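S.K.: So the chains spell out like this:
Number of protein chains: 2
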Amino acid sequence: MLRNFIFQTEREEKETVKQEIKKLRDVLFRQEQIIKKAKLPVLVLVEGWGAAGKGRLIGRLISPIDPRSFKVVSTNAPTDEERRHPFLWRHFINIPENGKFLFLDSGWMDETIRQKQHKELSSGEYANRLQSINTFERQLMDNGYLLVKIFLNITEKEQKKRIDDLLAEKDTSWRVSEHDVWQNKHYDTCLADYEEYLYATNTPDAPWHIIESTHKPEAERDALKILTDCIDIAVKNREAQEERPIIQKDYPLNPTPLLCDVDLNRTISDEEYDKELKRCQEKLSALHNRLYRKKIPVILAYEGWDAAGKGGNIKRITNALDPRGYEVIPIASPLPHELARHYLWRFWKQVPKTGHITIFDRTWYGRVMVERLEGFCSEREWKRAYNEINEFERELTDWGAVLLKFWIHIDKETQLTRFTARQNDPDKQWKITDEDWRNREKWELYETAVNEMIQKTSTKTAPWHIIESNDKKYARIKTLHLTIEAIEKALAAR
Amino acid sequence: MLRNFIFQTEREEKETVKQEIKKLRDVLFRQEQIIKKAKLPVLVLVEGWGAAGKGRLIGRLISPIDPRSFKVVSTNAPTDEERRHPFLWRHFINIPENGKFLFLDSGWMDETIRQKQHKELSSGEYANRLQSINTFERQLMDNGYLLVKIFLNITEKEQKKRIDDLLAEKDTSWRVSEHDVWQNKHYDTCLADYEEYLYATNTPDAPWHIIESTHKPEAERDALKILTDCIDIAVKNREAQEERPIIQKDYPLNPTPLLCDVDLNRTISDEEYDKELKRCQEKLSALHNRLYRKKIPVILAYEGWDAAGKGGNIKRITNALDPRGYEVIPIASPLPHELARHYLWRFWKQVPKTGHITIFDRTWYGRVMVERLEGFCSEREWKRAYNEINEFERELTDWGAVLLKFWIHIDKETQLTRFTARQNDPDKQWKITDEDWRNREKWELYETAVNEMIQKTSTKTAPWHIIESNDKKYARIKTLHLTIEAIEKALAAR
Chain Y
4 MLRNFIFQTE REEKETVKQE IKKLRDVLFR QEQIIKKAKL PVLVLVEGWG
54 AAGKGRLIGR LISPIDPRSF KVVSTNAPTD EERRHPFLWR HFINIPENGK
104 FLFLDSGWMD ETIRQKQHKE LSSGEYANRL QSINTFERQL MDNGYLLVKI
154 FLNITEKEQK KRIDDLLAEK DTSWRVSEHD VWQNKHYDTC LADYEEYLYA
204 TNTPDAPWHI IESTHKPEAE RDALKILTDC IDIAVKNREA QEERPIIQKD
254 YPLNPTPLLC DVDLNRTISD EEYDKELKRC QEKLSALHNR LYRKKIPVIL
304 AYEGWDAAGK GGNIKRITNA LDPRGYEVIP IASPLPHELA RHYLWRFWKQ
354 VPKTGHITIF DRTWYGRVMV ERLEGFCSER EWKRAYNEIN EFERELTDWG
404 AVLLKFWIHI DKETQLTRFT ARQNDPDKQW KITDEDWRNR EKWELYETAV
454 NEMIQKTSTK TAPWHIIESN DKKYARIKTL HLTIEAIEKA LAAR
Chain E
4 MLRNFIFQTE REEKETVKQE IKKLRDVLFR QEQIIKKAKL PVLVLVEGWG
54 AAGKGRLIGR LISPIDPRSF KVVSTNAPTD EERRHPFLWR HFINIPENGK
104 FLFLDSGWMD ETIRQKQHKE LSSGEYANRL QSINTFERQL MDNGYLLVKI
154 FLNITEKEQK KRIDDLLAEK DTSWRVSEHD VWQNKHYDTC LADYEEYLYA
204 TNTPDAPWHI IESTHKPEAE RDALKILTDC IDIAVKNREA QEERPIIQKD
254 YPLNPTPLLC DVDLNRTISD EEYDKELKRC QEKLSALHNR LYRKKIPVIL
304 AYEGWDAAGK GGNIKRITNA LDPRGYEVIP IASPLPHELA RHYLWRFWKQ
354 VPKTGHITIF DRTWYGRVMV ERLEGFCSER EWKRAYNEIN EFERELTDWG
404 AVLLKFWIHI DKETQLTRFT ARQNDPDKQW KITDEDWRNR EKWELYETAV
454 NEMIQKTSTK TAPWHIIESN DKKYARIKTL HLTIEAIEKA LAAR
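Line order of the protein sequences matches chains Y and E. The first sequence lines up with residues 4 to 497 when you count with the numbering used here. The second sequence lines up with residues 4 to 497 when you count with the numbering used here.
Don't take every hint at face value.
DSS-like mimics (lysine-lysine), calculated; alpha carbons at most 25 Å apart, straight line [as the list claims (entries may be wrong)]:
#1 278(Y) to 492(Y)
#2 25(Y) to 475(E)
#3 431(Y) to 431(E)
#4 475(E) to 228(Y)
#5 318(Y) to 415(Y)
#6 26(E) to 219(E)
#7 42(Y) to 318(E)
Since the hints were derived computationally from the structure, they do not count as laboratory data. What you are looking at is a predicted structure, and each value in this text was computed from that prediction instead of being measured.
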């Protein structure tokens, strides 16, 4: 009789869990429309032990959601292409759009722990990695992302049982990876690694949710509860977003002058220019070869006044380069699918692979110039951007990239002369638009913004170089010199 | 004296070539603006012998052009990712936008010849490959692309000399590939392969330009002359574009009924539905596993009336699938950068890799439905599209993909009932827009277009399936059955 009673209770409990799941799935189904309306992007990171049921759980979580509203990505070992980019690259370019879900079947945690276990990361590198991850996660949240981090936990015994069960069947044995088996054999070491990681990345805004995954329905219920609660809170707090503190990390800065203190009278004679251009281009051409072989990535970021001579300046660089090893990325207004993501997303996507050069003709600094001045982003957003950009650039330089930032500088009179000349030359009229004239009217506002930008983002590892370009030829030689110098320095350090 | 005279003439000739190059570079510089205005995309394919100077030539050709207007792509051996897609995939997704140049440092020719030489292609496969290439090139031209095909030729002796020179210097030896050396040893075989290929792909609209590449300045002059002439003609012929013949290849068709002949009264009982849904989903789930292991790609293309039940139908499929192995692609209006390319570009980009399933919620058939009826493309464009789509799908099925196309069908009254129900349900109001009502007014026009589409594109290898969806449950079971059947057939054939 007692036995029957226990069964009865178990059945009832099972029934309760089933009912709870049903209710929570309804909630999630409704939330799909709510996040669409609120333009909330939701990133659900599911990490955990091998054979803990990550894939299965995600399969259950998505089932009430319309397939058009989510994406599932399994993070495998990085491909060759991915290995030739910074660690964060493949994770950053996967982030969802506003109003959509992304479910990650393991992600940057699993990758990092494996690399640590395979001794691919020194302890210093591992510490830096944790920094990068916390920065990445914080940037996502600052930019309105909801990040839900779930860790599926099972005991050593349970893991062993699951692995054995899977291996026993021909149809399922291929699902067990060598790493899973290894993990079970070194369960305690792994546990310590996991605990250390979870502790180091457990931030108040993106805490870890540890789910006991032995019983599948309970695990599903718990995950649904966590996810729906998080969405609920995130939607309610959408307005409060603006009150998050603006962080400014203390990166060492490089003293760089204010624009008004720059001497724009520097010139070069035509003769000297021709000679030096030839010499520099030959030099740069040879260096490009060596960069390619040593797999050093180079990023040149160009900003400057309209008609300052960015295009011609870039051309003098590219003429020296092997066309198979570089790319020029002109930056225009963001497209709708770009606007629907973190503003750095479109720049992350263009980060070169090792050994290649990417030249940005206008850059991510649009955030603190045109977007600031035209009101395309909020004050908090552009104020936050200085630090976000420093963090972004730090990822690039830590990865080993040579990063040079040029402000191509002219004075207001020179711009007028050049605008007028363009207007009068049928071959160059296309280069000048009404927008250029409108921007010119805001010269003083831009000057303030540019000065602030340079003061706040001229870091030691990625300093700004102001290029005096009233004499375009002088400017070209100066950027060539700076580029050559930086590349030589990087080559010498390898 | 005679000797001096000869020198004099050589010098003069050299001077002449230099002057010609200068002039042609000026022409190209101006053409950059002309192609921008004419929205002409220009694809320059540079093929040729190893060490013939392809990279160098491209470096010279681009030098008068603004770096923002071109891209250079070196076609290397396909990556693992690329190998898991159809042959044309990586070439198609690289095509330039309107008004821009793409320079290819070797491309589909080099790849094809190498595969032939490495016995990766049987002679039958090679013949099919040539068909694919000619189709690809013709589609580009039909869609307004200028394709300039250059082959750089050098003699066996000259190639040997260049390879030896490169190998002699530590700084250049890495530029010589094993294949280059192999090629020189088997020069005559390669020559025969090249000649056969050049002959087979030398079409009136995209002829080969063979350039003698021994003397670099002359080769540069010749290439500049060819390129600028081709651009000149293409811009002049831009209007005549509309007069190109509309090709309709004779793919065997699958008899498919007109919409008005479809019996929409088919239903399924709730009980039978529940039972069959469960059975089918379990079956499909097991098949997905096997597909994944056998690396068979699957593409499901959904079209249908608004409110016909596409979303719910897709969901019954995806609920059975492992979320790590499929993706649902909702198709909306094309974005600006998509509009600036061949209309199939955005669909090519989404072709799954082997072993994966992609479900398109609306498809490339928009071209012959909404784009046709709303005037988003010209009459010639949508008329041409039937064949282009058949060709596209043939590439997919020849590659080994399972491709299923579903027209989810309801009658006009059922649509009205569902629209009204949506309007009255706060949870579903978001599903109905003014556009849906406007489209409904054009029901008869759409019906004509859909019938024509189905009659012209229901090929034997990629037939249309009309899914009676007045009873949504009946429709879901039918698509599940068709999907299971097609996958089983594909698995049996492996």
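S.K.: Does each hint hold? Answer for all of them.
M.R.: Now the hints, each set against the structure:
no.: 1; hint: 278(Y) to 492(Y); result: holds, 24 Å
no.: 2; hint: 25(Y) to 475(E); result: holds, 22 Å
no.: 3; hint: 431(Y) to 431(E); result: violated, 54 Å
no.: 4; hint: 475(E) to 228(Y); result: violated, 31 Å
no.: 5; hint: 318(Y) to 415(Y); result: holds, 24 Å
no.: 6; hint: 26(E) to 219(E); result: holds, 17 Å
no.: 7; hint: 42(Y) to 318(E); result: holds, 23 Å
The structure does not agree with the numbered hints 3, 4 stated previously, though it agrees with the rest.
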